[in-house]
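Engineer: Could you put together the complete structure from these sequences and hints?
Going down the list, the protein sequences come from chains A and B. Residue 198 in the numbering used here sits at position 67 of the first sequence, with consecutive numbering throughout. Residue 374 in the numbering used here sits at position 353 of the second sequence, with consecutive numbering throughout.
Any given hint might turn out to be false.
Looking from chain B toward chain A, a few residues come up when the C-beta cut is under 7 angstroms (computed) [said to hold, decoys possible]:
no., residue
1, V53
2, Y80
3, G166
4, V168
5, A212
6, G257
7, K258
Worth flagging that the hints you see were computed from the coordinates, not collected in a lab. All of these numbers come straight from a predicted model, not from anything done at the bench. Heads up, the beta-carbon is just placed ideally off N, CA and C, and yes, glycines get one too.
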Amino acid sequence: MTFFEMTKTALRTILSRPATILYPAQAAKKTGLSRGHVTIDPARCISCGTCQRKCPAQAILISKEAKTWQIDRFRCVVCNSCVDTCPVKCLFMDTQYSAPATAKGVEVVAITYVKPVKPPAGKTESTG
Amino acid sequence: MTKQIVVPFGPQHPVLPEPIHLDLVLEDERVVDVIPSIGYIHRGFEKLVEKREFTEYTYVAERTCGICSFIHGMTYCVGIEQIMKIDVPERAQYLRTIWSEYSRLHSHLLWLGLFADSFGFENLFMNAWRIRERVLDVFEQTTGGRVIQGSCKIGGVRRDITNEKLDEMAKGLDVLDREMQELTNVFLHDATVKHRLRNVGIISRNDAYMTGAVGPTARGSGVAIDMRKLGYGAYGKLNFQMVTDSCGDCYSRCLVRSKELFASTDLIRQAIKKIPDGPVDVKVTGAPDGEYFTRAEQPRGELVHYIKGNGTKFLVRSRIRTPTLTNIPPLIKMLQGCELADVPVIVLSIDPCISCTER
Numbered sequence: 132m133t134f135f136e137m138t139k140t141a142l143r144t145i146l147s148r149p150a151t152i153l154y155p156a157q158a159a160k161k162t163g164l165s166r167g168h169v170t171i172d173p174a175r176c177i178s179c180g181t182c183q184r185k186c187p188a189q190a191i192l193i194s195k196e197a198k199t200w201q202i203d204r205f206r207c208v209v210c211n212s213c214v215d216t217c218p219v220k221c222l223f224m225d226t227q228y229s230a231p232a233t234a235k236g237v238e239v240v241a242i243t244y245v246k247p248v249k250p251p252a253g254k255t256e257s258t259g
Numbered sequence: 022m023t024k025q026i027v028v029p030f031g032p033q034h035p036v037l038p039e040p041i042h043l044d045l046v047l048e049d050e051r052v053v054d055v056i057p058s059i060g061y062i063h064r065g066f067e068k069l070v071e072k073r074e075f076t077e078y079t080y081v082a083e084r085t086c087g088i089c090s091f092i093h094g095m096t097y098c099v100g101i102e103q104i105m106k107i108d109v110p111e112r113a114q115y116l117r118t119i120w121s122e123y124s125r126l127h128s129h130l131l132w133l134g135l136f137a138d139s140f141g142f143e144n145l146f147m148n149a150w151r152i153r154e155r156v157l158d159v160f161e162q163t164t165g166g167r168v169i170q171g172s173c174k175i176g177g178v179r180r181d182i183t184n185e186k187l188d189e190m191a192k193g194l195d196v197l198d199r200e201m202q203e204l205t206n207v208f209l210h211d212a213t214v215k216h217r218l219r220n221v222g223i224i225s226r227n228d229a230y231m232t233g234a235v236g237p238t239a240r241g242s243g244v245a246i247d248m249r250k251l252g253y254g255a256y257g258k259l260n261f262q263m264v265t266d267s268c269g270d271c272y273s274r275c276l277v278r279s280k281e282l283f284a285s286t287d288l289i290r291q292a293i294k295k296i297p298d299g300p301v302d303v304k305v306t307g308a309p310d311g312e313y314f315t316r317a318e319q320p321r322g323e324l325v326h327y328i329k330g331n332g333t334k335f336l337v338r339s340r341i342r343t344p345t346l347t348n349i350p351p352l353i354k355m356l357q358g359c360e361l362a363d364v365p366v367i368v369l370s371i372d373p374c375i376s377c378t379e380r
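Structural biologist: Spelled out as structure tokens, the structure:
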């Protein structure tokens, strides 16, 4: 049984810098793998709906008619499932957390992808 | 006969991290009986299994607990892999073991902090949590999540750790060991702490066994049960000694957890040394048809996942039995006959995780 067991630790703590950081004045620690929030490149999304089906929290909704991709940041659990399964790799994981909000709502992104028109077979023959 | 009164303890109580309600039947200051009630944070995870594809349910299973999340996800995946007869690559098994042991470090350090808080040693609480931050940093660097790792999937793991990073982690363990040694010295040798914990909340070996205690609660009473000895993951290829103590009081449970910290760092070192190169996942096709019970050792004790599939993408039944649920009857036994002022320390000594319990 000993006494003053913490003296060494206490002295070191007094003499060293604080273990905490002054967030938000100082940026929070982030690594390259940190899961912050999901972002989309609307120019590449083919509206296949895989992300919507694979979302365990049902946070993503795709409308093929309106050509929109929407996400409910309050439902999203940032599991990376949509990013992993996207066939055209148009979803990305940003390392920063999504910003705080004062009202609940969904974020709607207009999909700007245009299906490339295949040149007619006959035309290539005539030019060539 | 002394007049009996009932004092409610919880669900809102400064010492409780999560809500559980205990009706303490008192005779003067002595607790004679305890009536527990749970059900304040039921989330219906087991029902959700019918609405989510079995591959996506991994993420849901992981969110059962905010502390031992990786082990929940892993146990669920092992169940599915056993039903579908999937051979998980060796490297993935080792990585799962490494993350499981880091989870244990994280959980035990968190618990040591909360325990110090329960007996009023705020400074020690902050020190334990500062050390825990190192473990969380490793999690974030290797999986991307500090608390919910999300790195386990059916058929393996979602990301690999490079061998350079593994070496760096092994070096970090030395620093961690040194800091934890200083911390556990206070818990185990300091006169005031020892005085507060010795002979408080005693449960005999027989009582612990008969009431179904698991994990450090059972091992603190001398019941040598540890699911890691089943050899799931890479545990079968690693060498470790089960930590037990025979006194069965709060100090014993603290001692078991303190020593397990070093057993965990040792296991991680061994795993890093032995980890083979190779793929970390296999492709999974089809759907599970059958049922399986998986058992794994969580930081708090034995965890059981029961899974039943019918050949479709949606499972029929999932049942999760968490260690805290089975540790409540031993807790009642410990509380009977104790002083009212000792109740917070005894409740914390089983490491209650109520969110787990109610799923």
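Engineer: Can you list which hints this structure breaks, lowest number first?
Structural biologist: 1, 4, 6 and 7
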